[in-house]
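Sequence lines, in order, name chains A and B.
Quick note, the first sequence lines up with residues 80 to 174 if you use the numbering used here.
Quick note, the second sequence lines up with residues 497 to 977 if you use the numbering used here.
Note that these hints are calculated values from the structure, not bench results.
Heads up, some of the hints might be wrong.
Computed far set for chain B versus chain A, every beta-carbon distance over 12 Å [said to hold, decoys possible]: (1) GLN671; (2) GLY686; (3) ASP773; (4) GLU793.
No more than 30 Å apart at the CA atoms, straight line, and that leaves these computed lysine-lysine pairs for DSS-like [stated by the list, open to error]: (5) B:LYS667 with B:LYS798; (6) B:LYS626 with A:LYS171; (7) A:LYS171 with B:LYS584; (8) B:LYS930 with B:LYS974; (9) A:LYS171 with B:LYS930; (10) B:LYS575 with A:LYS89; (11) B:LYS909 with B:LYS837.
Beta carbons are placed, not taken as given, at the ideal position from N, Cα and C, and that holds for glycine.
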Amino acid sequence: MSLDANDVNKIAHLARLRIEEADVPGYAAQLSEILDLVEQMNAVDTRDVPPMAHPLDAVQRLRPDVVSETDQRDHFQTIAPQTEAGLYLVPKVIE
Amino acid sequence: MSWEIVIGLEVHAQLATQSKIFSGASTAFGAAPNTQACAVDLGLPGVLPVLNEKAVEMAVRFGLAIDAELGHRSVFARKNYFYPDLPKGYQISQFELPIVGKGHVEISPDDGTTKTIGVTRAHLEEDAGKSLHEDFQGLTGIDLNRAGTPLLEIVSEPDMRSVKEAVAYAKKIHQIVVYLGICDGNMQEGSFRVDANVSIRPMGQEKLGTRTELKNINSFRFLEKALNYEIDRQIDIVEGGGRIVQETRLYDADKDETRSMRSKEEANDYRYFPDPDLLPVVLDQELIEAVRAALPELPDAKRARFSAEFGLSAYDAEVLAATRPLADYFEAVVAAGTEPKLAANWVMGDLSGALNKAGLDITDSPVAAAQLAGMIARIMDNTISGKIAKEVFEAMWREGGDADAIIDAKGLKQITDTGALESIVDKIIADNSKQVEQYRAAEEHKRGKMIGFFVGQIMKATQGKANPQQINQLLNAKLNG
Numbered sequence: 080m081s082l083d084a085n086d087v088n089k090i091a092h093l094a095r096l097r098i099e100e101a102d103v104p105g106y107a108a109q110l111s112e113i114l115d116l117v118e119q120m121n122a123v124d125t126r127d128v129p130p131m132a133h134p135l136d137a138v139q140r141l142r143p144d145v146v147s148e149t150d151q152r153d154h155f156q157t158i159a160p161q162t163e164a165g166l167y168l169v170p171k172v173i174e
Numbered sequence: 497m498s499w500e501i502v503i504g505l506e507v508h509a510q511l512a513t514q515s516k517i518f519s520g521a522s523t524a525f526g527a528a529p530n531t532q533a534c535a536v537d538l539g540l541p542g543v544l545p546v547l548n549e550k551a552v553e554m555a556v557r558f559g560l561a562i563d564a565e566l567g568h569r570s571v572f573a574r575k576n577y578f579y580p581d582l583p584k585g586y587q588i589s590q591f592e593l594p595i596v597g598k599g600h601v602e603i604s605p606d607d608g609t610t611k612t613i614g615v616t617r618a619h620l621e622e623d624a625g626k627s628l629h630e631d632f633q634g635l636t637g638i639d640l641n642r643a644g645t646p647l648l649e650i651v652s653e654p655d656m657r658s659v660k661e662a663v664a665y666a667k668k669i670h671q672i673v674v675y676l677g678i679c680d681g682n683m684q685e686g687s688f689r690v691d692a693n694v695s696i697r698p699m700g701q702e703k704l705g706t707r708t709e710l711k712n713i714n715s716f717r718f719l720e721k722a723l724n725y726e727i728d729r730q731i732d733i734v735e736g737g738g739r740i741v742q743e744t745r746l747y748d749a750d751k752d753e754t755r756s757m758r759s760k761e762e763a764n765d766y767r768y769f770p771d772p773d774l775l776p777v778v779l780d781q782e783l784i785e786a787v788r789a790a791l792p793e794l795p796d797a798k799r800a801r802f803s804a805e806f807g808l809s810a811y812d813a814e815v816l817a818a819t820r821p822l823a824d825y826f827e828a829v830v831a832a833g834t835e836p837k838l839a840a841n842w843v844m845g846d847l848s849g850a851l852n853k854a855g856l857d858i859t860d861s862p863v864a865a866a867q868l869a870g871m872i873a874r875i876m877d878n879t880i881s882g883k884i885a886k887e888v889f890e891a892m893w894r895e896g897g898d899a900d901a902i903i904d905a906k907g908l909k910q911i912t913d914t915g916a917l918e919s920i921v922d923k924i925i926a927d928n929s930k931q932v933e934q935y936r937a938a939e940e941h942k943r944g945k946m947i948g949f950f951v952g953q954i955m956k957a958t959q960g961k962a963n964p965q966q967i968n969q970l971l972n973a974k975l976n977g
């Protein structure tokens, strides 16, 4: 299976990655190789193999429902580009 | 052309945990912006989610309540989503293996019918933060206090065929989650949110029409209005030769209309994949049985029991079982030894009326169940009449105290002494000789009404304290004798 430039640009957009136009053919070739590998694996009969959700053979540990975090807003906001009235400010996202 | 309406609902219920689903930050509503958003909620590098056991238990509670298949092994997935209200760039949700599988609920829309509505699934996920679009010179303000609040998303089958059924289903789910104590149900604060998928098709057609999804509905009344508007809009388009576009539409309560949201993200490009930060969740049978054992009696069961055990009408049972606090109050009044029907009348009548008027919840009632029961006991033993009881009730409501003390202090005890009543009856008969003559001259079937005049006079003379049955007996004996 091979991806073309359009596929690469679409994937980049969905992942919000900015890529250089000159790099697109290279990415297309590399991603196509990965898909080829998947294609090879597809040939293996996996009818009786349950899908793996996680490589570790373990189950999720749960934590008790207790508030353990204190307010560190001022600390966190020192690295925010812009804040006001306790809010993080970002470019307008309204539709 | 006659159209069939097809509706499915997605309910997001915020789970009433103390801390967030994957972090130890508080979920309390109304805190100053971002004071309850910790490193995990902010998606800072290097943090890891750790699942809240209470959120899991609450999801199980819901699953058991709707008789659902529980996902003995469920998996969290990342739903890719680039909005600053979830700074990680994805929402942790569940996709292929949700914690709650297929279940069902019974609804009874007002028309007296009942219908089973399928619940496709319910899964755990994290809520997003809030975006504030005003007042920031062209920028958006982000408050992440809500980010990471546990949500149970409850997805129904497209089983509803009218707006009435959709509203009844939404109310039913609301009642169940509140009864279970897993959600506070507050729609104004967004603790319980409803999205609706709506389509129309020609009556008799099998294939579903193209649907639209309605969002931003924060009350049952708006759900009804939004659905009505959207159904009319779709019918107009199709009858005008147009086609419905699959899209998400926002309900605008001020304008009472739905309008298209620009497509949020290429719809099916959420590119879910299992979250490598979280292991599969396994529900062991022990946990499930422990949760089952602790389930409260649910509204349907309570209603049925109120009818069977107390002989209440379907309507009375429904009203009294509507919320747990009201049902508990009623049962406390009955447990004190009062006659259930009489207790139901007082709880649904004078008490509910007074609470409504004062804008109070049953849990804040100034008249406690024991007080009301004490007063009803005095009606039952004929110390006071039902009419005088209203006066006693008002006094309890205003000033507190128990019924016996009020009856004593105000001298409201019913006159049941036959000798005393007889002399009053004699006096009224003597003072109203003209009416007595008319009564005796009247035909038998008219007398029943006319006797009311004498009863009225006696009640006036005794400030309502005469025992009505005894008066009737005495009057009958004396006037007809």
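- For the pair we were handed, LYS667 of chain B and LYS798 of chain B, check the Cα-Cα distance against 30 Å. Answer holds: LYS667 of chain B to LYS798 of chain B is near 17 Å, not above 30 Å.
- Task: Below or equal to 30 Å on CA atoms is what counts here, so check LYS171 of chain A against LYS584 of chain B.
- Result: Satisfied, since the Cα-Cα distance of roughly 18 Å is no more than 30 Å.
- Query: Taking 30 Å as the top limit, are the C-alpha atoms of LYS171 of chain A and LYS930 of chain B close enough?
  - Reply: It is violated: about 88 Å lies between the C-alpha atoms, which goes past 30 Å.
- Is the Cα-Cα distance between LYS909 of chain B and LYS837 of chain B 30 Å or less? This hinted pair holds, its Cα atoms lying about 23 Å apart.
- Task: Report holds if the minimum CB distance from ASP773 of chain B to chain A is greater than 12 Å, and violated otherwise.
- Result: Check fails; 9 Å does not lie beyond 12 Å.
- Since GLY686 of chain B was said not to touch the interface, does its Cβ keep a gap of more than 12 Å from each Cβ of chain A? Non-interface label stands for GLY686 of chain B: nearest chain A Cβ at 18 Å, farther than 12 Å.
- Query: Is the Cβ of GLN671 of chain B farther than 12 Å from every Cβ of chain A?
  - Reply: GLN671 of chain B is indeed farther than 12 Å from all Cβ atoms of chain A, at 24 Å.
- Message: Check the hint pairing LYS626 of chain B with LYS171 of chain A against an upper bound of 30 Å on the C-alpha distance.
- Response: The given pair, whose Cα atoms are some 13 Å apart, holds under the 30 Å limit.
- Non-interface label on GLU793 of chain B, tested against every C-beta of chain A at 12 Å: For GLU793 of chain B, whose nearest Cβ neighbour in chain A is about 24 Å away, the distance exceeds 12 Å, so it holds.
- Query: Within a Cα-Cα threshold of 30 Å, do LYS575 of chain B and LYS89 of chain A meet the stated pairing?
  - Reply: holds (17 Å)
- Task: Take the C-alpha atoms of LYS930 of chain B and LYS974 of chain B, compute the straight-line distance between them, and say whether it is at most 30 Å.
- Result: holds (15 Å)
The structure is inconsistent with the numbered hints 3 and 9, although it conforms to all the rest.
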